[in-house]
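Protein chains in written order, with the numbering used here: chain A, 7 to 154; chain B, 7 to 154; chain C, 7 to 154; chain D, 7 to 154.
Simulated from the structure, these hints should not be mistaken for laboratory data.
All C-beta atoms, glycine included, are put in the ideal place defined by N, C-alpha and C.
Here are some, though not all, of the chain B residues that point toward chain D, as calculated from beta-carbon distances under 10 Å:
no., residue
1, E91
2, S93
3, I119
4, T140
Number of protein chains: 4
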Amino acid sequence: MSPEEPENNNPASIVKAMYDGDRFSKLLGINVESVSEGACVLSMKIREDMANGFGIVHGGVTFAFGDSALAFASNSYGRLSVALEASISYPAPVNIGDTLTAVARELSRTRRIAVYDITITNQDKNVVGLFKGTVYRTSKPAPGSSGS
Amino acid sequence: MSPEEPENNNPASIVKAMYDGDRFSKLLGINVESVSEGACVLSMKIREDMANGFGIVHGGVTFAFGDSALAFASNSYGRLSVALEASISYPAPVNIGDTLTAVARELSRTRRIAVYDITITNQDKNVVGLFKGTVYRTSKPAPGSSGS
Amino acid sequence: MSPEEPENNNPASIVKAMYDGDRFSKLLGINVESVSEGACVLSMKIREDMANGFGIVHGGVTFAFGDSALAFASNSYGRLSVALEASISYPAPVNIGDTLTAVARELSRTRRIAVYDITITNQDKNVVGLFKGTVYRTSKPAPGSSGS
Amino acid sequence: MSPEEPENNNPASIVKAMYDGDRFSKLLGINVESVSEGACVLSMKIREDMANGFGIVHGGVTFAFGDSALAFASNSYGRLSVALEASISYPAPVNIGDTLTAVARELSRTRRIAVYDITITNQDKNVVGLFKGTVYRTSKPAPGSSGS
Chain A
7 MSPEEPENNN
17 PASIVKAMYD
27 GDRFSKLLGI
37 NVESVSEGAC
47 VLSMKIREDM
57 ANGFGIVHGG
67 VTFAFGDSAL
77 AFASNSYGRL
87 SVALEASISY
97 PAPVNIGDTL
107 TAVARELSRT
117 RRIAVYDITI
127 TNQDKNVVGL
137 FKGTVYRTSK
147 PAPGSSGS
Chain B
7 MSPEEPENNN
17 PASIVKAMYD
27 GDRFSKLLGI
37 NVESVSEGAC
47 VLSMKIREDM
57 ANGFGIVHGG
67 VTFAFGDSAL
77 AFASNSYGRL
87 SVALEASISY
97 PAPVNIGDTL
107 TAVARELSRT
117 RRIAVYDITI
127 TNQDKNVVGL
137 FKGTVYRTSK
147 PAPGSSGS
Chain C
7 MSPEEPENNN
17 PASIVKAMYD
27 GDRFSKLLGI
37 NVESVSEGAC
47 VLSMKIREDM
57 ANGFGIVHGG
67 VTFAFGDSAL
77 AFASNSYGRL
87 SVALEASISY
97 PAPVNIGDTL
107 TAVARELSRT
117 RRIAVYDITI
127 TNQDKNVVGL
137 FKGTVYRTSK
147 PAPGSSGS
Chain D
7 MSPEEPENNN
17 PASIVKAMYD
27 GDRFSKLLGI
37 NVESVSEGAC
47 VLSMKIREDM
57 ANGFGIVHGG
67 VTFAFGDSAL
77 AFASNSYGRL
87 SVALEASISY
97 PAPVNIGDTL
107 TAVARELSRT
117 RRIAVYDITI
127 TNQDKNVVGL
137 FKGTVYRTSK
147 PAPGSSGS
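Construct the entire structure; sequences and hints are all you get.
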């Protein structure tokens, strides 16, 4: 943690507080597997009501899974951070019944801006989503941080 | 419609067939307002269970709304088209209770690849999402098309 | 111009000062056709030394053309603004000898963040590049502005 | 190499043939350090004529460097591949005199579509560009391949 970060923060406490209020992540059945500063691992079981008009999984489900990982990883330092933009590539379709894993990695972080990539794989270790997102780091404390 | 497109197709019939099977768009309460070749307009009312850990709307909801518009606009010619990648920028937050509108516009279309942008606004005409997506146009018929 | 913008600025003076120092835009032969707050139009003639290994134009040339438009449009208010990220889609190839036009449009602007799209067309009005970029608006004055 | 790839190809020969005709990569002083199937490493020395209007390096230079890496890595199998879209994030500015390195990595590859990320660092190992690109893999042979 760099000197400019809020002090005495616990990434797990912050992500727990965020997750407790995150009704959409819960609606999707997203689980937090692990979290550390600038990183997290999430899992998710794909349900039948996540299909699109082709019978495969709606791209918004896969994106939302990555977006939750972006939020948890970027807020883990205790500074409230909001997404400015994100992009996703879909190398392979996601099917009903799949179990997905998202691994968030911090690519860069300055005082105001940070960039993350999130790799989304299925139960066969095939990559089904490649997500990249940029956040703006506000001066406010994140939920569950020492300053909140 | 260019000569290479499937013939005798009705964009409304295709989008109706897609929407009928699109359980995730229905879960989100997405409505189809209008549709034509390469274009569509959707609406959506934001519910409390769409919030993220900050009490504003989860970015995945806004993205999924844009992604449904991408699917409907790109499949409207009768050729089954799948998203390769998409990106979104969030100029302003979406709040619980907002009513969103998505307007999809075709930016380019060749035999195999087409690009769309979707502008997402709230009830005050403020832009809350700028979505751009690229699709791969397969040789298969879309649901509800003359070839399906 | 919103009340929070620097006062008494002339977009043309700012862009002229930026362009005067912009050696790479000059190396590429980029011309400024017009400029106003949050917008600009640029032109560029494609030379033989802009080809890639396939004999068509290197994607970096088209992107750089869009990136110059992003810089000029976003700095036109007098506040020094730097790109955080950008994306481009290539609907059609650019050929040696083409004359390109870039039109920059402001999609959103808050105190710290602004988003622009730039449409790049050739002499036949075909779209050859679709560029979207996000800038961070610093507290410093842009070159050529009243505060510089 | 999967069974569906062209046979008896040498990634180094293909990239050499592409580079020989790639006048823009040469104009920028891009060097090929190494190449293998789906991957490559490039280097580049930043010159004074690559500055933008702020005296730092034009974003188009950094993007073009990544775009050359995308082209070389994606064509290395012997199948002519063209970029559909690409995005870049700029975690830190590039300065005149810097020496940049681009490392291309294949994230996914199917018969028609492949996705790559390219990490661009300076001489101090700081990340200055994060590039992601999608290519369309045609049925034609790449320059320098066994089928060309």
